[in-house]
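Engineer: As a plain string of letters, each chain reads:
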Amino acid sequence: MATAAEQWVLVEMVQALYEAPAYHLILEGILILWIIRLLFSKTYKLQERSDLTVKEKEELIEEWQPEPLVPPVSGDHPALNYNVVSGPPSHNIVVNGKKCVNFASFNFLGLLDDPRVKAAALVSLRKYGVGTCGPRGFYGTFDVHLDLEDRLAKFMQTEEAIIYSYGFATIASAIPAYSKRGDIVFVDRAACFAIQKGLQASRSDIQLFKHNDMADLERLLKEQEIEDQKNPRKARVTRRFIVVEGLYMNTGTICPLPELVKLKYKYKARIFLEESLSFGVLGEHGRGVTEHFGISIDDIDLISANMENSLASIGGFCCGRSFVIDHQRLSGQGYCFSASLPPLLAAAAIEALNIMEENPGIFSVLREKCKRIHKALQGISGLKVVGESFSPAFHLQLQESTGSREEDVKLLQEIVNHCMDRSIALTQARYLEKEEKCLPPPSIRVVVTVEQTDEELERAARTIKEVAQAVLL
Amino acid sequence: MRIRDNWNRPICSVPGARVDIMERQSHDYNWSFKYTGNIIKGVINMGSYNYLGFARNTGSCQEAAAKVLEEYGVGVCSTRQEIGNLDKHEELEKLVASFLGVEAAMAYGMGFATNSMNIPALVGKGCLILSDELNHASLVLGARLSGATIRIFKHNNMQSLEKLLKDAIVYGQPRTRRPWKKILILVEGIYSMEGSIVRLPEVIALKKKYKAYLYLDEAHSIGALGPTGRGVVDYFGLDPEDVDVMMGTFTKSFGASGGYIGGKKELIDYLRTHSHSAVYATSLSPPVVEQIVTSMKCIMGQDGTTLGKECIQQLAENTRYFRRRLKEMGFIIYGNEDSPVVPLMLYMPAKIGAFGREMLKRNIGVVVVGFPATPIIESRARFCLSAAHTKEILDTALKEIDEVGDLLQLKYSRHRLVPLLDRPFDETTYEETED
Numbered sequence: 001m002a003t004a005a006e007q008w009v010l011v012e013m014v015q016a017l018y019e020a021p022a023y024h025l026i027l028e029g030i031l032i033l034w035i036i037r038l039l040f041s042k043t044y045k046l047q048e049r050s051d052l053t054v055k056e057k058e059e060l061i062e063e064w065q066p067e068p069l070v071p072p073v074s075g076d077h078p079a080l081n082y083n084v085v086s087g088p089p090s091h092n093i094v095v096n097g098k099k100c101v102n103f104a105s106f107n108f109l110g111l112l113d114d115p116r117v118k119a120a121a122l123v124s125l126r127k128y129g130v131g132t133c134g135p136r137g138f139y140g141t142f143d144v145h146l147d148l149e150d151r152l153a154k155f156m157q158t159e160e161a162i163i164y165s166y167g168f169a170t171i172a173s174a175i176p177a178y179s180k181r182g183d184i185v186f187v188d189r190a191a192c193f194a195i196q197k198g199l200q201a202s203r204s205d206i207q208l209f210k211h212n213d214m215a216d217l218e219r220l221l222k223e224q225e226i227e228d229q230k231n232p233r234k235a236r237v238t239r240r241f242i243v244v245e246g247l248y249m250n251t252g253t254i255c256p257l258p259e260l261v262k263l264k265y266k267y268k269a270r271i272f273l274e275e276s277l278s279f280g281v282l283g284e285h286g287r288g289v290t291e292h293f294g295i296s297i298d299d300i301d302l303i304s305a306n307m308e309n310s311l312a313s314i315g316g317f318c319c320g321r322s323f324v325i326d327h328q329r330l331s332g333q334g335y336c337f338s339a340s341l342p343p344l345l346a347a348a349a350i351e352a353l354n355i356m357e358e359n360p361g362i363f364s365v366l367r368e369k370c371k372r373i374h375k376a377l378q379g380i381s382g383l384k385v386v387g388e389s390f391s392p393a394f395h396l397q398l399q400e401s402t403g404s405r406e407e408d409v410k411l412l413q414e415i416v417n418h419c420m421d422r423s424i425a426l427t428q429a430r431y432l433e434k435e436e437k438c439l440p441p442p443s444i445r446v447v448v449t450v451e452q453t454d455e456e457l458e459r460a461a462r463t464i465k466e467v468a469q470a471v472l473l
Numbered sequence: 001m002r003i004r005d006n007w008n009r010p011i012c013s014v015p016g017a018r019v020d021i022m023e024r025q026s027h028d029y030n031w032s033f034k035y036t037g038n039i040i041k042g043v044i045n046m047g048s049y050n051y052l053g054f055a056r057n058t059g060s061c062q063e064a065a066a067k068v069l070e071e072y073g074v075g076v077c078s079t080r081q082e083i084g085n086l087d088k089h090e091e092l093e094k095l096v097a098s099f100l101g102v103e104a105a106m107a108y109g110m111g112f113a114t115n116s117m118n119i120p121a122l123v124g125k126g127c128l129i130l131s132d133e134l135n136h137a138s139l140v141l142g143a144r145l146s147g148a149t150i151r152i153f154k155h156n157n158m159q160s161l162e163k164l165l166k167d168a169i170v171y172g173q174p175r176t177r178r179p180w181k182k183i184l185i186l187v188e189g190i191y192s193m194e195g196s197i198v199r200l201p202e203v204i205a206l207k208k209k210y211k212a213y214l215y216l217d218e219a220h221s222i223g224a225l226g227p228t229g230r231g232v233v234d235y236f237g238l239d240p241e242d243v244d245v246m247m248g249t250f251t252k253s254f255g256a257s258g259g260y261i262g263g264k265k266e267l268i269d270y271l272r273t274h275s276h277s278a279v280y281a282t283s284l285s286p287p288v289v290e291q292i293v294t295s296m297k298c299i300m301g302q303d304g305t306t307l308g309k310e311c312i313q314q315l316a317e318n319t320r321y322f323r324r325r326l327k328e329m330g331f332i333i334y335g336n337e338d339s340p341v342v343p344l345m346l347y348m349p350a351k352i353g354a355f356g357r358e359m360l361k362r363n364i365g366v367v368v369v370g371f372p373a374t375p376i377i378e379s380r381a382r383f384c385l386s387a388a389h390t391k392e393i394l395d396t397a398l399k400e401i402d403e404v405g406d407l408l409q410l411k412y413s414r415h416r417l418v419p420l421l422d423r424p425f426d427e428t429t430y431e432e433t434e435d
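Those sequence lines, one after another, are chains V and U.
Residue numbers are given in the UniProt record's numbering: position 426 of the first sequence equals residue 426, and the series is strictly consecutive.
Residue numbers are given in the UniProt record's numbering: position 379 of the second sequence equals residue 379, and the series is strictly consecutive.
Derived by calculation from the structure, the hints in this document are not laboratory data.
Idealized CB from N, CA, C, for every residue including glycine.
All the pointers check out, no bait thrown in.
The calculated label-pair distances, taken between Cβ atoms and stated as ranges, are:
#1 V:329 / U:403: 29 to 35 Å
#2 U:239 / V:96: 34 to 40 Å
#3 V:67 / U:242: 18 to 24 Å
Please work from the sequences and hints to get the whole structure.
Structural biologist: Spelled out as C-alpha cells, the structure:
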C-alpha cells in the first residue's frame, strides 16, 4: 500500500491491481472500452435519419431537370451585334466600313495616336516583351511600374500611388480592401457599376443618397449619428465612408466637393473619390476635381482613377497617403492575385503624363470645346443635354420618353445609325439593365476630344439636330 | 514583415529564363527599401509563369506586336459594346475558338476579372456552386458576387463531390426544399499552389450523371499540358464539348495578358450581352492582342514552323526531368507528375525566409509561399518550369537546390529512390522503395 508520501512506485501499483476486487476491475474495464468506442464512432446528423430510401433518392436524381445554362438570346438583341472598328479607334475612325469622325471613344487628350506615346511603348516592348508573366508579388514588378507609381504620386501631389492592370478592377478592389462587413458606406445613386461591384464585394452596409443632393446626405449622416449614440461601443469600431465620383459617368455632372469635405469633418467619415472622367480634364494642370475646386489633396483619403480615358493607356491607379495605399498592396484583390500591367502600357502612360505636364494648356482648350458644343446642342427638339458644360462626356436623353425603355433604345439607336451614315460616330451609353441599382434612362453619349476641330464640332451639332428632327417628328 | 524582402522583387529585364533583379537593401528590418542601384544580372528565373517561353523581346511575336502598336496605338478608350470592338478582337476570338475546339470564344482584358465578372452573369440566386477547396481568389470572388449558395468539396476528391451533388439534388435548397435552378461545378486545370491536375474524366462523368454544369479554369494548364498544348482536356484526351464553360488566361503560356471564355455559341452570345466586362470595362489593348494571336498560331503550328511543338515537348521533358531529380535528392514534392508547377515543401515558416535568401545569393530566383496562401505549417517553395529553361540551367538550379537543401535540412522524404537509369549496371544491390 502506498504511503501518503505520494511515491507512485510502479511495483506497488501493480500489486494494488492484483489485490483489487474483481467487480471493480470489470467495471473499470467496461468503462474504458466504452470511452474508446465513443471516441472512434462517427458523428451522425439528426437529419440523416431521413425517410428517403436509396431507390427514392435515385428517382429524385433522375427526375431533376436543371435550367439551361444560359437563357437564349434573341438575334436582334440590341447589344448582341457589336460595331466592328477596323483600324485604330482614333480621331478618324472606320466603323462598320464607314469613315466617321470619332465622337464616342474617351480619348479626351488625343493621346491615343500620339507618336511620342507610341515610341515610348515601342522602346518598352523591345526591352521587356509584352507580358509580365506574374503577379506583383512574384517577379512581376518591373522598374517601369515603380517609375509610373512615382510619377503619378508626384503629379497628383500625394505621397504614394499604386497601379492596377485593369480600370474596372481598380475601384472594385480598393473599396473592399478598406470597408468590411459592419462598416457603413454612403454612396451616390448615380455611381458607376464598378463602384457598385466594389460595394457588393465588401459586404458593408450601403446607404444611397440622392444624386448630388447634400441635404439628403446630411440627413443620412445625422440618422447614423443618432444610431451611433445609442450604441457608442459599436460606433467606435465601425468605419464610415463616402464614395463619390469627380465627374459622374452616368450623368456628366460634377460632385460638390467643398460641401463634401465640410460634411466629412463634421461627421467624421472618409471620402473616396473616383476620378476616372475628371483626371486629366479638370483643374489647371489636369489634376482633377480637387484642383478645380482648389481643395487640398490631403483632405481626400483616397483618389482612384483609371488610365483608360485621358491617359489613353490601360489600367488604373489609386493615390493617397502612404499608409493608406500600402494597405492595398496586401489586401487589394485585383493587385495581389492578378498579373501586373504589361510594361509597354505603363511606359505609354508615363509618356502621356510627360505630355500632360509639358503642355498644361490643352486642358483649357478641351474645356472650351466642351462649352462650345454644349451650347450648340441646346435647343434640339426632342433631345435634352444632360451634363455640365465643361464635362467632355455628356449625355443626350429623350425629352419625353415613349413609355417603354425598349422603344426609347430603338429610337436612340436609329439616331445613332443615321449619324453614322453622315460620318459622325456616336454611341449609346450601355448598361446592364438587370444588374444596375439605379438604372439611368437610355441616352446617347457624346465625347469631346482635343483633336476635334471647331468645324467638326459645328458639323456634328448640325447633323445631330437634323437627324433628331427627322427621326423624332 | 521581416521576411518581406522575398516578395515584390523588382526586375528590369524580360521575365525569361534568366532575369535581372534590382538589388534592394533595408536598414530598418524591411519596413522600407532602398535601391542600391546595382543590378543582379542573370538570375535563373524559376518564379515567372512563362511555361512555353513566349516572354521574349525578340522574335516573330514581338515584331508583329510592334507593327500593330505602330498602326493601332496602345489604348482603346472604350468598352466592347460601345465602340471598342476592333477587328483585331474578332480575329482573336475566332482563333481562340478554333484553338480550343469549341464553337465560340470571347476575350477580356484581365484574367482575374474574367472570373469575377462572368460567374455572376451565369448563376444567380437559387443556384448552387460546388467549388474546390483550393480554388483561386478570383473564382471565390466571382462565386460570392453572384449570390448563389456555395458548397465546398475536398480538393480533387470525387467522393466528396458526388456526395454533395447527391445531397443537393435530393434535398434541394436549404429550408425551402425547392429544387435548385442550376448546379455549377468550379474546378481548375492545374492548381497553382499544389501543382495537382484535376481529375477531369471523373468530374465529367459525375457532371453527366447528375446533369450539372462544369466551369473549368485553365489559367495554368492552357498551353502547358497536353501533347498539342490545348490544356487539360487535351491531356486526358477528352472532348472539349463536354466542358460547358472553358475559361483561361493569356498571361501564363502566351506571354501577354487577359482572359477568355470558350463554349457553345449560345453561351458566348449570352455573355456578349450580359457580361459585366463587355458593358463597362475597356477591351484588350491591340499589341497585346497581336502577341496572343502570333503565339497561338505558333503553338498551333499555323505559322509554318515547328517552334510550338518543340516548346511543348521541351516543357514536358523539363518537367519530368526536374521532378525526378528533386525526388531523387530526397525532397518532398507535391502535385502530379506532369504538371510544370513544382511545389517543394519547406513546412517550417522559419525556413521560408532562409530558402528565399539563400537561393538569391546563389543567383536563383524562386517563389516562396507561406500563410495565408497555404496552411501555416505547409509553407513551400514553388518552381515554375519553362520551355525556355535549358538542361544546363536546370542542372545548375538543381545543384544549388541540393546545396541549400542540405544546408537547411529540407530533405524530408523517407522514400529511397536509387537513380536507376543514370549509372551503368554494377555490382551494387538495388534497394527497394521503403515506406
